[in-house]
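A.B. asks: If you want the building blocks of each chain, they are given just below.
Number of protein chains: 2
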Amino acid sequence: MPKRSKKPVKTRDFQRTRQRILQGGFEEIFRRGFHGASVNAIIAHCETTKGGFFHHFATKEELGLAIVDELLSAMVRERWLNPLEQFENPLEGIVQNWKRVIADTPDAYIILGCPLNNLIQEMTHCDERFAARLKQVFSLWVDGVESQLAKAVTRGYMRKGAPLRQLAEFIVMSHEGAFATAKALNDPRVFARIQGMVHEVLGSYSTK
Amino acid sequence: MPKRSKKPVKTRDFQRTRQRILQGGFEEIFRRGFHGASVNAIIAHCETTKGGFFHHFATKEELGLAIVDELLSAMVRERWLNPLEQFENPLEGIVQNWKRVIADTPDAYIILGCPLNNLIQEMTHCDERFAARLKQVFSLWVDGVESQLAKAVTRGYMRKGAPLRQLAEFIVMSHEGAFATAKALNDPRVFARIQGMVHEVLGSYSTK
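So the protein sequences, as listed, match chains A and B.
Under numbering that gives the first Met the number 0, the first residue of the first sequence carries the number 0, and numbering increases by one thereafter.
Under numbering that gives the first Met the number 0, the first residue of the second sequence carries the number 0, and numbering increases by one thereafter.
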């Protein structure tokens, strides 16, 4: 085989190993928190070697930042923002999609909390680099919900003059607060109750 | 001095040292998280010795559990529940007292998050003893708000048939979610915006 044809295979392997470490790191950190997850446990979890790990990430912090930038922002897009595009009425979409996210998530995961919220609570006040990246992901989410609410006004589903930014922040806050409450009370039924309240608030701005 | 008179002094000193370690431990854990706060840092913070620390608490976990049982439950009572007793209209009390709590808390502390929420997010999924104690403190808060809402119904400020438990959970959820959001966005103005939304929800059940 000519030497130059080997390069894509190596690149592919490199990327595969990197993704496996990202995913294994995410799962360990989700279960134990960033401080609680050791590099050794992450290495064991994703079946790589110490050399393999440090070839891709200089420190556990570098891995954590890559998880925020790549995995958490993708989760916000894939689980929350992209599905909203399928709804003609964005207000209905916000409520229905939230219900779907909860229904699709096993109880054991719900009790672990929202991975984004967990990292925000644990890392924001003690690490500026985490704080900046986590703020970006959180803002991406609020911005995305706000633009759906603006679409709801344009399409005539929502009253003009509704405080869109405040409502978007309230919706994301309730999602994160519901996870915190479900975790505190060890009770996944919290979600249906909080969703009911948010539905009511959105209803008060609805034209239908 | 007769020997038996020394005992109360010793007991007083013992209690003082214990309180100092509890308070110093609280502050270190509030700043760095439970995993991030080392016993050495706690010892330095509260100006005790290693011997003094371990005389009172066998492990950092024992200290953490005592902080939850003693300090966090006292904070819920003193900052949230007891002040509500002063209001004739409990709905007004919930909104006004929440505003006062935020106004009294320095911005730097607000960005550190709610100490109860921080510990819930960090510890609940990895330590059953913390999970049980934190659930007790969270439930104490929800129970207290619910009994204020019941009082609001009895006194004629709130519509009969309002879902009191759901509303109480929603109010505490919003408080914790607002802290999480303010922390995520590094913006204390989040509180006024979230409070506005909660005020609106309470207003929809008000008779006035």
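Just so you know, the hints here were simulated from the structure itself, not pulled from any lab data.
Some hints could be false.
Copies of the same chain look alike in the list, so a pair counts if it works inside one copy or between any two.
[Unchecked claim] Capping the alpha-carbon separation at 30 Å, the derived lysine-lysine pairs in DSSO-like fashion look like this:
id	residue 1	residue 2
1	Lys134	Lys150
2	Lys159	Lys59
3	Lys134	Lys98
A.B. asks: Now tell me, hint by hint, if it's right for this structure.
C.D. replies: Checked hints:
For a Cα distance limit of 30 Å, the shortest separation of Lys134 from Lys150 inside one copy, 24 Å, qualifies, whereas the shortest one across copies, 40 Å, does not. For the identical chains of this complex, Lys159 and Lys59 are neighbours neither inside a copy (47 Å) nor across copies (54 Å), given an alpha-carbon limit of 30 Å. In this assembly of identical chains, Lys134 and Lys98 lie within 30 Å of each other by CA distance both inside one copy and across copies; the values are 25 Å within and 25 Å between.
Going down the numbered hints, you'll see the structure goes against just number 2.
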